[in-house]
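**Student:** What follows is the residue order along each chain.
Number of protein chains: 2
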Amino acid sequence: MNASEMQGRTDVNTLGEFGLIEHLTREFPLRQPSTIKGIGDDAAVIENGDLCTVVSTDMLVEGIHFDLAYTPLKHLGYKSVVVNLSDIYAMNAFPKQITVSIAISNRYSVEALDELYAGIRAACDAYNVDLVGGDTTSSPRGMTICITAIGQCEKDLIVYRNGAKKGDLICVTGDLGAAYLGLQMLEREQRIWQDNPDLQPDLEGQKYAIGRQLKPEARRDLVEVFRKNGLKPTSMIDISDGMASEIFHICKQSGVGALIEEEGVPINQEAQLLALKFKLDPITCALNGGEDYELLFTIDPKDTDKVRFLPDIYIAGEILDAADGIKLNTKGGKLHDLKAQGWVHF
Amino acid sequence: MNASEMQGRTDVNTLGEFGLIEHLTREFPLRQPSTIKGIGDDAAVIENGDLCTVVSTDMLVEGIHFDLAYTPLKHLGYKSVVVNLSDIYAMNAFPKQITVSIAISNRYSVEALDELYAGIRAACDAYNVDLVGGDTTSSPRGMTICITAIGQCEKDLIVYRNGAKKGDLICVTGDLGAAYLGLQMLEREQRIWQDNPDLQPDLEGQKYAIGRQLKPEARRDLVEVFRKNGLKPTSMIDISDGMASEIFHICKQSGVGALIEEEGVPINQEAQLLALKFKLDPITCALNGGEDYELLFTIDPKDTDKVRFLPDIYIAGEILDAADGIKLNTKGGKLHDLKAQGWVHF
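Protein sequence lines correspond, in order, to chains A and B. Position 204 of the first sequence, counted from 1, bears residue number 203 in numbering that gives the first Met the number 0, the numbering being contiguous throughout. Position 17 of the second sequence, counted from 1, bears residue number 16 in numbering that gives the first Met the number 0, the numbering being contiguous throughout.
Among the hints, a few may not be true.
Computed list of chain A residues with no C-beta within reach of chain B, every gap over 10 Å [said to hold, decoys possible]: (1) 20; (2) 113; (3) 195; (4) 196; (5) 319.
Beta-carbon label-pair distances, calculated as ranges [unchecked claim]: (6) A:196 / B:18: 36 to 42 Å; (7) A:30 / B:165: 51 to 57 Å; (8) A:276 / B:28: 39 to 45 Å.
FYI, nobody ran anything at the bench for these hints, they're computed from the structure. Just so it is clear, CB atoms sit at the ideal spot from N, CA and C, and this is done for glycine as well.
If we strip away everything but chain A, and leave its shape as in the complex, we get (with noise of 0.2 Å):
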């Protein structure tokens, strides 16, 4: 222990995580005449003449972010390229390069990092990016994996956070809840097998649920269909951490509220029968729930037309402006506040 830590103890999970990542970060200026955005969007943004390099790392350490216990080490390499791949995308960026750092114990063999190679090159081949960096070190306990992604975008196709405005449309892709969902799934099956080693995992008909939890997509398809059709939106961000939570986000930092339409928030039929296996609304998983790696993203009303025919996105509300707070409106028709993380067990 150090001596700093004696004195004045603050507990780190007082701040939560978004408050200790400010807390921390709150006096370093930014002083490079190429740094065009430094912490708090998806991604860096780092101007090189025409082009801007993108910059985006995650942190995922065993026991915190995934259990081996139901992972398999190649879906684990695949997803901790993915997630990273979706905060390039999130930019309006395309992914070109990772580097890879792991830190494990000697409990792993060459064997099984040979698996988590192989779902990091099975990412590298399906996004088509370059593994071209990293460090591989030993570790007392354990596996922590860092992945840094690099991309590139032209300077005045970039979008921020920050972009949203009033009267805009909320846009999501895909389908949300899912991936929330398959843990459940994954967690219970294993605290069954805990129980009862004989059993045989019951994992059928929520196929879909498990994919979106263990090997998840980054939506590289849709930054393309961007491109092609000419339309940049106003603000984006990728949902890591639930719809809700990512609304707050954008309303955050644009500067305005929002409404959502609980009945445009699209969730799959297979995760709404799961919902109700567990007794979860299904609402909530999908507003809340994490881990789905789609788009939330913000258009001007004049390329409504734009989006309207493409399939796999959703119209799921309008940006208010933020004196009108940020509101659900349910199926019902009742009006509430979102709250960014509600977890409501009934």
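Put chain B on the given structure of chain A with help from the hints.
**Tutor:** Chain B alone, transformed into the frame defined by chain A:
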């Protein structure tokens, strides 16, 4: 444990760090036209028009790379940044931005993290780099830090490990071995303290070595001098694992051999005395100690005058044909094969 581990199990230690990296990354093709250099140098190089982006990443794990019993968190933060910047300078490039990811257990207070970030900030101030991103997450135990440094360089000024040619002079900056000896001091004092907590540490006369271990600096000054003098080394690497190991990297990648003159290897006087106190051979400490973060580089002999009169640069040998091997000419005039790792406790 994963199924693949059950079948065949190869211990990760059998391959060594470099062997493991080579094994894991052997099947990753480079497909992006912007990837100029992938794995295998101090940093990756990415093309962006006229300027290249240079990227390097390092992971530091508590209990492996640092021991908080004798490493103040502020120093740890500073050093974590500097070791990454050193890799960027080793490409003849200038670092501009960093991302910092940390995983921490809840035994760290906000105040402890403030100390760590004060050190990170001090390094950003000293080297004029911007903190632009990162990740902050929990860990079940201990602390892991992963830093990615991003630099810029004109494409034709980047210096790789593979450009050394027969007849080139081998140069080294600063002095070597002191950081390793500083670590020996700190570890010895910790053992004494553990055996007898009432004893005060006796670190007098070892301030230089301990400073080199706890608060190393990267050689920005010399890369600036290279620019000013119009000097472009033919190859370059930073000394993190020891000069001998780095010479092997240069020779392997350039397809050459080398002759190192013991007389030309710079050793600080305090380090010399400290080595003898520890009954270690000073030249072995200098060649194999590591963590000096000096630069090892080769120059065309026609550039000799550009370095001859510069302070803090020493000519330590000459590049030979690959067939001549990698040799050390001792002060006594004996020719030995240089060993990349050869600790001799006499």
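**Student:** Which numbered hints turn out to be false for this structure?
**Tutor:** Hints 1, 2, 7 are the ones this structure does not satisfy, whereas the remaining hints hold.
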